[in-house]
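Participant: Sequence:
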Amino acid sequence: MIKDKKIVLGVTGGIAAYKAVELVRLLVLEGAEVQVGMTAHAMEFVAPLTFEALSGHKVICHMFEQHHVVMEHIEWAQGSDLVVIAPATANFIGKMTHGIADDFLSTLVLAATVPILLCPAMNNKMYENVAVQENLETLRKRGIHIMEPAQGSLACRSEGRGRLPEPVDILEQIRILLGPNDMQGLKFLVSAGPTAEPIDPVRYITNRSSGKMGYALARMARARGAEVVLVSGPTSLPPPVGVEVIGVRTAEEMKAAVLGRAKACDVVIMAAAVVDYRPKRYEEHKIKKEDESLRLDLEKTPDILKELGKSRDETPRVLVGFAAETQDLLNHAQQKLQEKNLDMIVANDVSRTDAGFDVDTNLVKLLYRDGVIEDLPLMSKDEVAGWILDRIKGLLGL
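Each residue of the sequence shown is one higher than the one before, counting from 1266 in this note's numbering.
Be a bit skeptical, because a hint or two may be false.
[What the hints assert, rightly or not] Calculated lysine-lysine pairs in the BS3-like style (CA-CA distance at most 27 Å, straight line): (1) Lys1601 / Lys1553; (2) Lys1553 / Lys1565; (3) Lys1520 / Lys1601; (4) Lys1605 / Lys1571; (5) Lys1630 / Lys1658; (6) Lys1553 / Lys1528.
Don't read these hints as lab results, they were simulated from the structure.
Start from the sequences, fold in the hints, and give me the full structure.
Facilitator: Okay, here's the thing in structure tokens:
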């Protein structure tokens, strides 16, 4: 979605300017061409040479560079795909609101004819100030995209909302803005991660699922314009930008969250690894290590995917499941596809070290209701997600 896109990154004079360095690295890694412009105050925090080394382009900082260089970069802004200002200080936001063009970056923004993403970063009291909020509201009404600052510790040693979002989160917002929007108007529900079934206050039964595949699906669907609800078991992953996340722990909680939302969705993708068995009895106190062995009586957890398949009416229009196996992959996946009334199942061999649990790559087979089997090569989970979404588009007849 970002590959071969032209992006102008404007860096203004806040302490968060150092994060813009990582943002450039991520954008270039994704295949974007990045041109950086800086204010004079931004150069007090980060040297232009740092951005030049990462982007491969000369950084423009002053209005009075050689005339042809300035004009070339004004044209570059007008011919780019997106202008991003990160960090955007209160001062620069004020300039944008009132059309002030007294340096190179403010002039570039005023001349831009492409979408603009503004990422404010400042002291929390400054951010909450009525003048700043009114300026931001004015810019929103003009069509400027504004990413809300993050909550947390600020450079001024106070706590509150005003932190520049992490570069990976800004990258996600850029993906959304530059995405094809070919899934706009569709509602997705994606489940991800493991569930955890408590034994006592200390111990529980779970599995090795990291949630990375489900999160990739949610993130990529949102980037393509879909409205996405992510029902997630316990993971260490940050919530995808622009996605509604419902956190759950047990299979029963996941069942309630999924069944409560599925009917309102066009597509349901059950990528979660729901624990198959749970203790029949929960011990109120920690079980002591006294005997040589311990017997636990287990019972089946609800089969959420099967219930979804049985209760299908007109929605969801497409139901997708996953089969994580260590042997006889195709037979198990085909059986699950039929028994649970799925349109497609994603089968992967989790005994491999380069696919499945807790890695960034996956090797999957896509099986369809009509008997077709599609083998995908080893690729990143984001790429796998893109393939799956393309196939879902086909199943929807789009």
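Participant: Against each hint, give a clear statement of whether it holds in the structure.
Facilitator: Verification of the supplied hints:
Distance check on the hinted pair: lysine 1601 and lysine 1553 sit about 39 Å apart at the alpha-carbon level, beyond 27 Å; violated. Under the criterion of a C-alpha separation no larger than 27 Å, the hint pairing lysine 1553 with lysine 1565 is consistent with the structure, at around 25 Å. Distance restraint check for lysine 1520 and lysine 1601: the Cα-Cα separation of roughly 18 Å lies within the 27 Å cut-off, and the hinted pair is therefore satisfied. For the suggested pair lysine 1605 and lysine 1571, the alpha carbons sit about 5 Å apart, so the restraint of at most 27 Å is met.
Only pairs whose Cα atoms come within 27 Å are accepted, and lysine 1630 paired with lysine 1658 is accepted, the gap being roughly 17 Å. With a CA separation close to 45 Å, the supplied pair lysine 1553 and lysine 1528 exceeds the 27 Å bound.
Of the numbered hints listed earlier, those contradicted by the structure are 1 and 6.
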